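4 protein chains.
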Amino acid sequence: MTGADTENGKTLGVAMIGHAFMGAVHSQAWRNVHRFFDVPVTPRMVALGGRDERRTKEAADRFGWASFETDWRKLVERDDVDLVDICTPGDTHCEIAVAALAAGKHVLCEKPLANTVAEAEQMAEAAARADARGVRSMVAFNYRRVPALALARRFVAEGRLGELRHVRAAYLQDWLSDAEAPMTWRLRKEQAGSGALGDIGAHIVDATQFVTGEPLVGVSALTNTFVPKRRSAGGGEEDVTVDDCALFTGRFASGAVASFEATRYALGRKNAMRLEINGSRGSISFDFESMNELWFYDGDEPAERAGFRRILATEDAHPYVSAWWPPGHLLGYEHTFTHEVADLLTAIGGGERPSPSFADGLRVQRVLSAVENSAANGSRWEAVDS
Amino acid sequence: MTGADTENGKTLGVAMIGHAFMGAVHSQAWRNVHRFFDVPVTPRMVALGGRDERRTKEAADRFGWASFETDWRKLVERDDVDLVDICTPGDTHCEIAVAALAAGKHVLCEKPLANTVAEAEQMAEAAARADARGVRSMVAFNYRRVPALALARRFVAEGRLGELRHVRAAYLQDWLSDAEAPMTWRLRKEQAGSGALGDIGAHIVDATQFVTGEPLVGVSALTNTFVPKRRSAGGGEEDVTVDDCALFTGRFASGAVASFEATRYALGRKNAMRLEINGSRGSISFDFESMNELWFYDGDEPAERAGFRRILATEDAHPYVSAWWPPGHLLGYEHTFTHEVADLLTAIGGGERPSPSFADGLRVQRVLSAVENSAANGSRWEAVDS
Amino acid sequence: MTGADTENGKTLGVAMIGHAFMGAVHSQAWRNVHRFFDVPVTPRMVALGGRDERRTKEAADRFGWASFETDWRKLVERDDVDLVDICTPGDTHCEIAVAALAAGKHVLCEKPLANTVAEAEQMAEAAARADARGVRSMVAFNYRRVPALALARRFVAEGRLGELRHVRAAYLQDWLSDAEAPMTWRLRKEQAGSGALGDIGAHIVDATQFVTGEPLVGVSALTNTFVPKRRSAGGGEEDVTVDDCALFTGRFASGAVASFEATRYALGRKNAMRLEINGSRGSISFDFESMNELWFYDGDEPAERAGFRRILATEDAHPYVSAWWPPGHLLGYEHTFTHEVADLLTAIGGGERPSPSFADGLRVQRVLSAVENSAANGSRWEAVDS
Amino acid sequence: MTGADTENGKTLGVAMIGHAFMGAVHSQAWRNVHRFFDVPVTPRMVALGGRDERRTKEAADRFGWASFETDWRKLVERDDVDLVDICTPGDTHCEIAVAALAAGKHVLCEKPLANTVAEAEQMAEAAARADARGVRSMVAFNYRRVPALALARRFVAEGRLGELRHVRAAYLQDWLSDAEAPMTWRLRKEQAGSGALGDIGAHIVDATQFVTGEPLVGVSALTNTFVPKRRSAGGGEEDVTVDDCALFTGRFASGAVASFEATRYALGRKNAMRLEINGSRGSISFDFESMNELWFYDGDEPAERAGFRRILATEDAHPYVSAWWPPGHLLGYEHTFTHEVADLLTAIGGGERPSPSFADGLRVQRVLSAVENSAANGSRWEAVDS
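These protein sequence lines are chains A, B, C and D, in that order.
Just so you know, we're using the numbering used here here: the first sequence kicks off at 1 and counts up by one.
Just so you know, we're using the numbering used here here: the second sequence kicks off at 387 and counts up by one.
Just so you know, we're using the numbering used here here: the third sequence kicks off at 773 and counts up by one.
Just so you know, we're using the numbering used here here: the fourth sequence kicks off at 1159 and counts up by one.
Hints should not be assumed to be uniformly reliable.
[Stated by the list, open to error] Keeping only pairs whose Cα atoms sit at most 20 Å apart, straight-line, the calculated SDA-like set for lysine to any residue is:
1. A:K10 to B:P705
2. C:K961 to C:N1145
3. B:K575 to B:R540
4. B:K396 to A:R62
5. C:K782 to C:E830
6. B:K396 to A:E58
7. A:K10 to B:G450
8. B:K460 to B:T502
9. D:K1387 to A:E163
10. C:K829 to D:D1196
11. C:K846 to C:V813
12. A:K10 to A:E58
13. B:K443 to A:E58
14. B:K443 to A:G9
15. D:K1215 to C:G934
16. D:K1215 to C:D810
17. B:K615 to C:G934
18. A:K229 to D:A1182
19. D:K1168 to D:G1262
20. B:K615 to B:R691
21. B:K443 to A:T42
22. B:K615 to C:T814
23. D:K1215 to D:D1196
24. D:K1168 to D:M1203
25. D:K1347 to D:T1250
26. A:K229 to D:E1321
In case anyone wonders, no lab produced these hints; they're calculated from the structure.
Since this is a predicted model, take the numbers as computed values, not measurements.
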């Protein structure tokens, strides 16, 4: 007997541009999402975009894309493509996204949305215009889809933390800790936009705004470049033109105060995306290096029995988890992308706006811009444009 | 331009029997293994076996199997099937595996290998005969493929723990903790063989033998059934005929002493498969609820600086990890099955014997049998047959 | 103006015998107890007993004892002595305690109560006779006075764990891990009675009986001596005549099953006295290496919010803590002895029986004896005399 | 035989002023220090100073002071007093300390040294003048004497962390989290000087300067008062005139960047004085709620075996520990004061300058002042005076 693949329903042609780290993990999400989630439209992996023909073809084969293009403009125009997934460096996001939306394609765009506020504004406007025609867009802040962080958001929304007082966020990596590590594009301002700030600082800015449900309204910042020159691939040295770390304080709309730190020099911390929030009724704490755990302090408990509890966010009752395995059978990094794509397909299929929107991405960009301005002006307080 | 799927090399037709929890996770492994690992043969998911036509067809569609069969014998005989993956309850393993091996199909069989030593012996003999003809077999003790545990094995093999003195293993779950939870097939001796002992005790017996590189030579055991009757689906009550927990001590061949505990009544412990080993030079500690971490104590360090270190087993230098994501980007439960299938395909492609073999599975079965005998005889010491 | 020491109330003359590790820590308790606890009688540190004159005098000076004796019989007879605190090795406990009780002195005796059941029985009888005359006795199982463990006992007594199913206890040290470490009296059966079993195994037997509120009714055991000979102080080698480790399973009166392990070879574990109990409604977990923490799982919480919570047992609401510092200001090892002495003085002053009694000490001794019998008889099940 | 107290050597008459929380813990240190440490001079607890006669007398009795005075000036002049220990609120430190030093008494002064930079300068000058006459002074930053933090300092000094890049410090408490908690003197600027900043922020400023061995050279700060009015004891409401929290970034002399946070509103955090330092070769991490642990990452280890290790700082090889108990037998909060007093007596006896000096206390005060200035000026960068 023959079993057809699950394509008896509606399908969606997906094209992805970029096939490095983000391309690999997005491919895994597109390939598997409908095996676990009851999405209203099933993705077809129709084409991969890349610049180098041989490498793009190899990546298409490996990741399971049915065809490939070396010119992203062709890909954006193809009739069999309904959605464009942008996994390229930040300096190319704006042009591709605007073109794709204009061509009537839904867009999923990696973070940070853009390298500048101006580009992000242009993208948010394009997204708003497209949205009026039913064309959807989403920025890929995947950490919103960590079950433990989605649960944290739920707790805040339910009032379990009460009035929020403190937000404490950090994203600590150490891959630049070795001063002998060579130069990369991520350390060039013209390509990367910024350093730790835009790459990982953007994640914690979005995550805190997501979990608190509030915007940051002002910041004071300090950035630093510990290793100002690095060995070039071609020999010789090249200037590092981005920040190695960014530290900032901030205030949320309701008055909560916050501290942020993003760095690639926290030796021993590999991917410690951390968040703690203290409210008047409860607190939560999270570290991505133990991503299946949410720590929750319930201030309503009597002192005798109160304590931070380690919630292993692997129960059916937790966000996204019922699609997967039994309790205690952990999920990993890539699952956050599968959740992201599941939510996006659900929104598209249901005619709803996916979240986070390009407007949310713009809001993050404005915070990053305020951080840079403050750091350039003696840490003076900078209001975040709204 | 057209990109073909990565089938320019050799492929292997895979059929899987059973489509419950284990079927879902095995499917995920077969679907994705060649996207991450450079396996010498690429799996084709040709057929799924199940008893109920409608449910089997639905599962084939969902999991991505190209066809299905409701009679496993037909499936085992199909020419397009090169490997049979057995994900059914333990009482069916022997018959299917022996038939598949006789038909010249490679076999991957879920654990425990069988419900009795006699069946396991028959299977091990069939495997040995098949092996002489180049037909391979493997028992699916997936925990061997947790990177942190594979790293623990490496440390022991390198002598970093020195002479082994203590092994402390536990597998703690709590899904039967509620006495009102209904009866399931897992609590009937005729289907499940045993309770916590065979289901999860088997895992820690295999894991300790794997990491230490030594067989258990004797045990003393205690089993218990906390809730002797449970509510039947059809109304009324049914006797629970298996153990709810099994506690045993043991000795390894070299003289290390061990304690084991398997239970489904450890309220709050969801999938705490734990292992600690203390040697004369070092110690390791592991808990599956934090499966990306191996804790290592290096006894060669001076007292001033010695301490259990948390190795986040997500570095390229760690087993299996270089196929996946950057450091600190965690893997999950399902990855252990992808690793298992990668190793199996590599062995088949390279003409080598995969591990753990059916003989290894038989060895585990003999330990379980000794445990049952000891528990039935006042905890008296039982030698394990070798 | 002159301030007298706080001796306007009733006082109690204390004599302590033995001035090694236990003597130092008991002295600290006697010296400070009334500075923190409102005890009805204030201790006077009147005399220290020891065998060597010079060393005893030095210890008396250092620890703050007003006089010393080199013959414990004299000390037991002194009129200014109301209580005798026995901190000597186990082979001397019986003779001293019986004599002190006969002389009408209250007795605090270090654990294990004795080296044999026969001695312990003799002591328990002497204690019962003395008690009829208002002379009190107590065995120094100090771990009962760890605030976190006293809190665990409270939770069990309040029914927060429901019906108890699993007890998991271990006492892990590593000071004998080095096979080159020299011989000590603790490794000679005639002085120490047993090895890890009596020294640290006794603690976990008492602690589990205390926290559960139930007696152990049967055990099955395995002991081992990893290093059978050690270097003598005088040169040459000497046989180790005690166990290096003891592993046993057991059953409590109500049917809970238990595992125990005591060892001095768990490399990297310094004083890991651990206890976990799983019940039908809740669980607790404790490790002395984090002695200010009790982990509690409340099974009444919904799955979404359930998790082991880390209760930092430093609140006024926790046992013993209100006498000390503000929340989060940790207590240490020695405080358990101050609590012990506070409870003892309170009982004496109030005319009540202190706990644990010599009868409790005897009950532990009978468990240790059953463990030894089982280990000597192929791990066969041994009922514990009651 | 009579055993004299250990006063055959030199003694030092100690007077303490203030008998609240700090008085209790200092008394415990003075009472016991010579029982554990071989100090060259033995303290005599000669007099306690307080304002209320009855309460001072009671405290003297309870804590073990031989006499008391209600006028601190008399106490400072007494011939039997060699050292004055100041445990009063910050607004009185300057006057008492200057008078005591002028009277030729050694001084131990609680932190923060003073409520203003001007007072701290006056005190540091008085200390310098006294020092020329052999009269010693010390400010009581007790956290320097946590064994784990003293070990951290040792690691930095030995170069085990390499070049320092990041300092991350926080002192989190929650005792004001409840908006209904009543007014206290600690929330009045005129008495307390500042709020969380001076009370607990001072500790982390000193601790980071101590462990790094470097001064902070600039800061940018944000302070907040979450609950601006609180219920008075007499009824009605009173304005809170100090900060509830202070967040600041900073730079150390060598270029390391830092973040600091001090708050009494971190619900669930009881005394979480935390410090993490990342260098080019290694990292350390500490949390006072687990005060016996130092976490150390050795960047020289190969990636396969690198990880933060939990050093249980209870070994003889660790600072201060050999005076106490065997490995794994934890120390508590009060021990840091005993260590402080031991170091002070050792310095006095040896004719050396104790540390931290009043000049160190002044340096902390200048940082606090810069923090307040920055917070009052839109978080602008403030250089710290040197």
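- Item | Violations among the numbered hints, reported as their numbers in ascending order | 1, 3, 5, 8, 11, 12, 13, 15, 18, 20, 22, 23
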